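Participant: All chains should be built: construct the whole structure from the sequences, respecting the hints.
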Amino acid sequence: MSFSSNQFMRFQKANMLRRRIRLKRKEYRIGKDAKCEYCPETDLRALDKFDGAVLCRNCRLTQAGKSVIERHHFSGRNNDEFLLAIPANEHAVLSDYQQDWPEETMKNPHRKILPEIAAWLRAIGDFEKHVIERSGTQAERLERLSKKLEKRFGSNWDKDIEIEDNEENDK
Amino acid sequence: MKVLPLPIAVRAYAVPKKRGGKQRSIKGSRKSYAKPDFVLFVAVQPSRDHSQRLLWGAYRVYEGESFIEEGYFYGDDLPKAEIGRLRSYCTQNTQVQSNIPLRCLSRRVFLEKVFYAIAFQVRSAIVGFDLPFVMSRLAERWSKGRGFYAGGFNFTMLTYDDNGVSKPDSFTPRVSIKSMDSQRANIAFTSVRETIRAKWKDFSDYRCQFIDARTLALALTGDRQDLNSACKVFGISLPDVSAENDEIGELRNNLAKINDLYFSLIAEYEKHPIDLPPGRAFSSASIGKAYFRKMGIRRPQMHIDKGLKASLNDIYGWAMSAYFGGRTETRITKVEVPVVYLDFRSMYPTVNVLMGIWDFLRAKEIEVADCTQRAKEVVNGVTRADLFNPLFWKGLTVLVELRPDSDILPMRARFTNSPSAPFTTALNPLKSEKPMWFTLADVITSKLLTGKTPEIIRAIRFLPVGIKTGLNKVRLRGSIDFCPIEDDFFKLAVEEKYKQGEGSEAERLKRFLKTMVNSICYGIFVELNRQEESGEVSVYGLEKFYTDVEHVELPGKFFFPPLAALTPGAARLMLALAEVELIDIGGTYSFMDTDSLAIISAPLGELIPMPGGKERLQDGSEAIRAISWLELEGIRKKFECLNPYDQNFISGSILRLEDENLRLDRNSRRRSRAALLLRRLLKKICFV
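Here the protein sequences line up with chains A and B, keeping their order.
Number 457 marks the last residue of the first sequence (our numbering); no jumps.
Number 1094 marks the last residue of the second sequence (our numbering); no jumps.
Just so you know, the hints here were simulated from the structure itself, not pulled from any lab data.
Hints may be right or wrong, so weigh each one.
Calculated pairs, DSSO-like style, for lysine-lysine (alpha carbon to alpha carbon, straight line, at most 30 Å) [unchecked claim]:
#1 K837/B to K853/B
#2 K393/A to K519/B
#3 K700/B to K318/A
#4 K441/B to K321/A
Because the structure is a prediction, the values reported are computed rather than measured.
Facilitator: Following this line, the structure appears as structure tokens:
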């Protein structure tokens, strides 16, 4: 049976209220339209207030001299020990998604097999969704950068700079 | 003339003796208005039996104006078959109508996961139509209200089982409700534990608002509304119910109406630059008072001349005893007579403009001094011509103490033999050994009607001095600039009403101006709020004494009875002026009510058979005279000079023809006949 678009939307929106409340509370705490002080990160889920400054988790860890790579329980701590090494910002976002999962799937105290599989499916769904969201954000960033470069160096800026396909190899 | 002894009632000013602690206020209320981030709409379907228990309810959640989710919840004792029906409706309608699931929850889950989550974790508003009823259906238990809510109810929404004993869940605060009347109620959460308060730390300036769309519609339109009529007023097209015409679908349709109505109401409300939260807008007067606060208008300060040997409370007491409502009177009942129904244009604002009441409100202080000699001279020498001089009305801001001796004055009494009959106000020949207080306008009314000068003992006049500092300009409903120093609020509001053109937006503005200006003309100056506590009070009025009362009353923020007494007094004088003009040409009236009177009049004038009438028909039977329309126009014309408004917008007489006299096209007159069916019910008038 295929997963229809309606069903997919329901799957996404089932816990919309809980998520919106959570994000709103974060917004109260760190302010509307908040942005990391050191990088362009604007995702509320990855941001927090540290000593009065708004920082993303990556920058916070960098500032503290720690690695930004963290280990993420892909299908939830209670379902599987499978860990994914990802940057701290992505870890924050994927963990936030997990809070929208049904309690019986997320907690699964007796390690039942069906909730465990459900958790995997949800994790894959969340991951894909996040990749799509991030792709959009990165694309927007590139578009903004392109406009800025055109403004600064003229519309033919990319033609003036010769980039060899195998520049690295030549060296 | 035989004088019948009749007990009369006189108002007084009762000051509660010192009370322990500070005055109680509504918990969680805030003066300023902040827009909620989340709005939860709730509607319920009660059972049809006398218990009206909850069958099911529907809810919708919006973040700002974006729809988040909706669903149903069911009562604790709803049969399984009915729950199944509800669930299947939710499943079907989710698939058909939208991608967003229509959730089906138990009452408890709804309260825990939706109601309390929204109420305590984000800046939110809970909206319903007849919200006290909705809350009472959601509750598990009730108890008597306490503190500010004494006389009301506390509703426990959730309980938990403690070894077989059901106990209130102390982590979910109760909802307190105290009704003011059938349309308005104070609603708030009771005090909360620290654990819940901690959740508020991110938005400590805000508490969940309960907004009853019915009350807000009343405040904005001035009329009582049911859901359909309110939707009609705000131009909301009602959803088609035929497709899902069952109880479950109907509730969802009603919720959709409440939802649309709320957004229209809020859009209208936000046009007013006031700080009052919409949940605290109980009437047009609430909005009017909020405007006053915005302008910097406060309760006037009085400077009492030492020669008066009176305290502030004495002055308030005298003014309260001189305060009466509008004059309502019938002459001819149960007989159909030809009438022309006339109405004074915006009576209360008009007399306020003529007397310069706005000068008192913006004054730095109000000087109170004796003016007995001057009052005697005025009453003695007043003529009808003086009353048609607008400047004369400026001098009517006077209270007079006199000993009534068959003078026609307002009085409050039981005019039937029934001991349970309410006290009603009427103008009657009054004789009293004890001196009583009236407004100068009432004393002149008596002079006009009897021709006799009442015996004045003492008079005090009120005079505005200077202009308050800190007055601010405001934009009425975001579109009309008003400067409290340069403009007269009452005059501007009436003129603006007539400046507006056609169209729904203009109609709403007109309606708002009318209801607001009428509500703040005098009502707010005599606002007394009944408290649910007994106590000893000092009574000021005709006498000073102490007594115990079952319910003490606390004055409102703008309580200033001298102004409250003056306005209706001047309105009674205006009516009396029209009456004596009518009597002068041998006419009479069928009835009068506050600002209107139905004059017996026929196009060419005629005699109408009427037992007790002064006129005689050819056969010698008694009759009254219906004056001609031309004679009537003569009376109306005399009132042109009392028009205080800008002639470019409001021209002609302030005594105008009511719509009942006009044909449907409003361009030509029609012959109206009126029959007053019941003396005490002026509403039972049939115009044919």
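Participant: Now look at each hint and say whether the structure bears it out.
Facilitator: Right, here's what the structure says about each hint:
1. Between the alpha carbons of K837/B and K853/B the distance comes to roughly 15 Å, so the proposed pair stays at or under 30 Å and holds.
2. The straight-line distance between the Cα atoms of K393/A and K519/B is roughly 18 Å, inside the 30 Å bound, and the hint therefore holds.
3. Restraint check for K700/B and K318/A: satisfied, since their Cα atoms lie roughly 29 Å apart, inside the 30 Å limit.
4. At roughly 24 Å between alpha-carbon atoms, K441/B and K321/A fall within 30 Å of each other, so this suggested pair holds.
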